[in-house]
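> Chains as they are written, first to last, in the working numbering: chain A, 3 to 623; chain B, 8 to 86.
No lab work stands behind these hints, which were simulated from the structure alone. The model shown is predicted, which means the values in this text are computed figures rather than measured ones. Be careful, since some hints might not be right.
Straight-line C-alpha distance at most 30 angstroms; calculated DSSO-like pairs for lysine-lysine [to be verified]: (1) A:Lys-131 <-> B:Lys-38; (2) B:Lys-50 <-> B:Lys-11; (3) A:Lys-393 <-> A:Lys-421; (4) A:Lys-473 <-> B:Lys-13; (5) A:Lys-73 <-> A:Lys-200; (6) B:Lys-35 <-> A:Lys-473; (7) A:Lys-574 <-> A:Lys-554; (8) A:Lys-10 <-> B:Lys-38; (9) B:Lys-21 <-> A:Lys-278; (10) A:Lys-278 <-> B:Lys-50; (11) A:Lys-291 <-> B:Lys-21; (12) B:Lys-11 <-> A:Lys-278; (13) A:Lys-10 <-> A:Lys-121; (14) B:Lys-50 <-> A:Lys-288; (15) A:Lys-560 <-> A:Lys-574; (16) B:Lys-13 <-> A:Lys-232; (17) A:Lys-316 <-> A:Lys-375; (18) A:Lys-28 <-> A:Lys-131; (19) A:Lys-589 <-> A:Lys-552; (20) A:Lys-73 <-> A:Lys-291; (21) A:Lys-291 <-> B:Lys-13.
Facing chain B, from chain A, some residues (calculated, C-beta under 8 angstroms) [what the hints assert, rightly or not]: (22) Pro-122; (23) Gly-248; (24) Gly-265; (25) Val-268; (26) Asp-270; (27) Gly-272; (28) Ala-276; (29) Glu-277; (30) Glu-470; (31) Pro-471; (32) Ile-472; (33) Asn-476; (34) Gly-571; (35) Lys-574.
Heads up, the beta-carbon is just placed ideally off N, CA and C, and yes, glycines get one too.
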Amino acid sequence: MLYGYAGKMLFIDLSTGEIEERETPKELAENFIGGYGFGAKILYDMMKPGTDPLGPDSVIGFITGPASATKAWFGGRYTVVNKSPITGGWNDANSGGFFGPELKKAGYDALFVKGISPKPVYIYINDGKVEIRDASHLWGMDTKKVWEALKEETNEPKLRVTAIGPAGERVSLISCPINDGHRAPARGGTGPIMGSKKLKAIAVRGTKDIPVAHPDKVLEINKKVTEAMKDNQMAQAFGTYGTGVGTPASALNGDSPVKNWAGVGVIDFGEEKAEKMGSIALDRYKTKKYNCSSCPLGCGAEYEVNDGRWPLGKTERPEYETAAAFGSTLLCGEPDAMLKCNEICNTYGFDTISAGMTIAWAMECYERGILSKEELDGIELTWGNGEAIVKIMQKMADGEGCGAILSHGSQYAANYWNKGKEYLQTASGIELPMHDPRHSPGLARTYKYDPTPGRHVKGGIGGVQMLEPIKEENYIFDGTGPMDLGMTLFTEVLNASSMCYFSTLSAPSETVYEYISATTGMNFDQETAMNTGLRIFMIRYAFNLREGIKPKDMTLTKRAIGEPPLEAGPLKGYRVDVEKLGRNFFKEAGIDFDSGLPDKALLEKLGGLDEVIKDIYGEDK
Amino acid sequence: MIVKLKYMGVIHDKMPDVLDLEEGTTLKTLKSNLLDMCDDRLKPIISNASFIVNNMSASDDTILNDNDQVLVLTPLGGG
């Protein structure tokens, strides 16, 4: 009995229609936990280097973890893994909601899909029964309508669905599936993989219980976490107003990027606009709180928006990242435009961060005369112009005119038009998220050098700096390796367990290890956690290395590291020595920065990495 | 001297907008005054807040002047 897991994984080939069920190996669970730990190991084994991410040999995985569907608080997330069509390297993105736990209760820890279907299909999983079904009638439908249609078609009102919208169908590089109407494993190009496979949706219904090694212990930890949350103001604030509670402060203190990363919040954006875009100001629209599966915090909410230029009716509260991407980044203080763009992204299936950042790039290019009004289909894309932002976003959603180009992201658009490349704000081609390394310098290392570049939910010292006022000592770049690595390895375990990043707001880090021990019965102590975290990091890293991507090949655009430094505001004069942060980190991780080679003895000591050792060092390991 | 305060985040609407302080007051003293005024639940937030004085980042040693504009920002890094 494998406690904490459903015990089975699904492998589906859409080219042949073959559906294969395999046991979840105990060794896989012990070595890689779940989530992208499972995903990186399985994709490393299944995909050859050089595989076309949009071709039939490309594999996409949907993976839960040992906290999922076990009553462990915060255990509601699932992870999508694939080779990124943007970076050509490793990609993972996770999402909350209810889809992940439902997949596990339907009998599967993970689903891996390869091949290309000749016609649109969806995968239907109902308590261990699996079918590939025709989705021709769903093609062209938005993600919310697909969910409703499939509930009716399957006669399962509690059905959970992750589906691409029209953006994913068109293989937009910044598209993504959406589950539960508004939750998204959005980043790095998850949607185009589904679109290229003609996989419209995965629909799951599950009622099975997951065997838990120590169910009483899980409830005991839950109680401890609930008590801790009561005394934690940040958890209370997120629970009341969502992540957008920090939008105004972040826009002004230098945490949020402003004016495509060239502006200063207190000068260019201002208090009035900042406050309007925050979720305290928008709380008038809230009709209902939304908690993901097994979440005691509930940072989500349903909105009813019946005023403004775009009355949306029922919609969802935007995340901080969305409010900043369509707010301070564009100098837009018009919340109705931001809410409209959020709704377009959720229904058509776009990554809100990349969509907002792509518009920011186009906006700066327009303002500088690099992109003409004609190239933007007659739209005057001036700073802060909400009407123009919505028009461009809608064109991206419809794949029409300039929108067909911009819908593939800023890097694609700059290459297509062959101009404006100096105004891209990306990490290895992925649009940067909404936390500025000039405010939290450790984020520069994470954005540039994590095997999944450009992410704010990967670990490292930046995650702590983000929550603190600016401190001079954060700009001293010596000796950062041990803490940067330690925090990264903790996050590897957290993400692989299927727990939410926000569990760290109210619970000490060892809570994650306690939950894994309680659900699986493993002795998951601090040392096990660090070794497991490093093993997971290494397999993600090795996936990139096998594709020829070494640390020195990874890129981060210069504004994010203060080159040139800002000339005013709270971040005035700050620079980030990202290469030094990278060298410190990789040295501590046992990886040679220049050659990119991980230490062989370390890989052997970690175990579970035989294929990696063989690929790097040859047969006689 | 008069110092004007504005708050963003969870301390919104719960603290004074204007304070009459002695000449030469430092930011450290202002923080201490704010901590004395707030309830226990807000103390960790104020302690960890970013202070921006006249659009520039400020440290504990910053000396405040008449009519300074102080922004008190809770550093809540959203997801």
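> Confirm or reject each hint.
How the hints compare with the structure:
1. A:Lys-131 <-> B:Lys-38: violated (61 angstroms)
2. B:Lys-50 <-> B:Lys-11: Given pair B:Lys-50, B:Lys-11 holds - Cα atoms ~20 angstroms apart, limit 30 angstroms.
3. A:Lys-393 <-> A:Lys-421: Distance ~22 angstroms between A:Lys-393 and A:Lys-421 Cα, so the pair holds.
4. A:Lys-473 <-> B:Lys-13: With a Cα-Cα distance of about 21 angstroms, the restraint between A:Lys-473 and B:Lys-13 holds, given a limit of 30 angstroms.
5. A:Lys-73 <-> A:Lys-200: violated (34 angstroms)
6. B:Lys-35 <-> A:Lys-473: holds (15 angstroms)
7. A:Lys-574 <-> A:Lys-554: With a Cα-Cα distance of about 28 angstroms, the restraint between A:Lys-574 and A:Lys-554 holds, given a limit of 30 angstroms.
8. A:Lys-10 <-> B:Lys-38: Outside the cut-off at roughly 56 angstroms; violated.
9. B:Lys-21 <-> A:Lys-278: Roughly 18 angstroms between the alpha carbons, so the hint for B:Lys-21 and A:Lys-278 holds.
10. A:Lys-278 <-> B:Lys-50: holds (26 angstroms)
11. A:Lys-291 <-> B:Lys-21: Holds: A:Lys-291 and B:Lys-21 sit about 23 angstroms apart, inside 30 angstroms.
12. B:Lys-11 <-> A:Lys-278: holds (20 angstroms)
13. A:Lys-10 <-> A:Lys-121: With Cα atoms ~28 angstroms apart, A:Lys-10 and A:Lys-121 stay inside 30 angstroms; holds.
14. B:Lys-50 <-> A:Lys-288: Status holds; Cα separation ~28 angstroms.
15. A:Lys-560 <-> A:Lys-574: At roughly 15 angstroms apart (the allowed maximum being 30 angstroms), A:Lys-574 and A:Lys-560 satisfy the hint.
16. B:Lys-13 <-> A:Lys-232: Holds, because 27 angstroms separates the two Cα atoms, which is no more than 30 angstroms.
17. A:Lys-316 <-> A:Lys-375: violated (34 angstroms)
18. A:Lys-28 <-> A:Lys-131: At roughly 23 angstroms apart (the allowed maximum being 30 angstroms), A:Lys-131 and A:Lys-28 satisfy the hint.
19. A:Lys-589 <-> A:Lys-552: The hint holds at about 14 angstroms.
20. A:Lys-73 <-> A:Lys-291: holds (20 angstroms)
21. A:Lys-291 <-> B:Lys-13: holds (28 angstroms)
22. Pro-122: violated (32 angstroms)
23. Gly-248: Holds, about 3 angstroms.
24. Gly-265: violated (13 angstroms)
25. Val-268: Given a least distance of 4 angstroms, the restraint on A:Val-268 holds.
26. Asp-270: Where the cut-off is 8 angstroms and the nearest Cβ of chain B is about 11 angstroms from A:Asp-270, the hint is violated.
27. Gly-272: Because about 10 angstroms separates A:Gly-272 from the closest Cβ in chain B, which is outside the 8 angstroms limit, the hint is violated.
28. Ala-276: Nearest chain B Cβ about 7 angstroms off; hint holds.
29. Glu-277: For A:Glu-277, the interface hint holds, since the closest Cβ of chain B sits about 7 angstroms away, which is under 8 angstroms.
30. Glu-470: Holds: closest Cβ of chain B sits about 6 angstroms from A:Glu-470, inside 8 angstroms.
31. Pro-471: holds (4 angstroms)
32. Ile-472: holds (5 angstroms)
33. Asn-476: Not OK, violated: A:Asn-476 not within 8 angstroms of chain B, min 12 angstroms.
34. Gly-571: Holds, because the Cβ-Cβ distance from A:Gly-571 to chain B comes to roughly 6 angstroms (cut-off 8 angstroms).
35. Lys-574: holds (7 angstroms)
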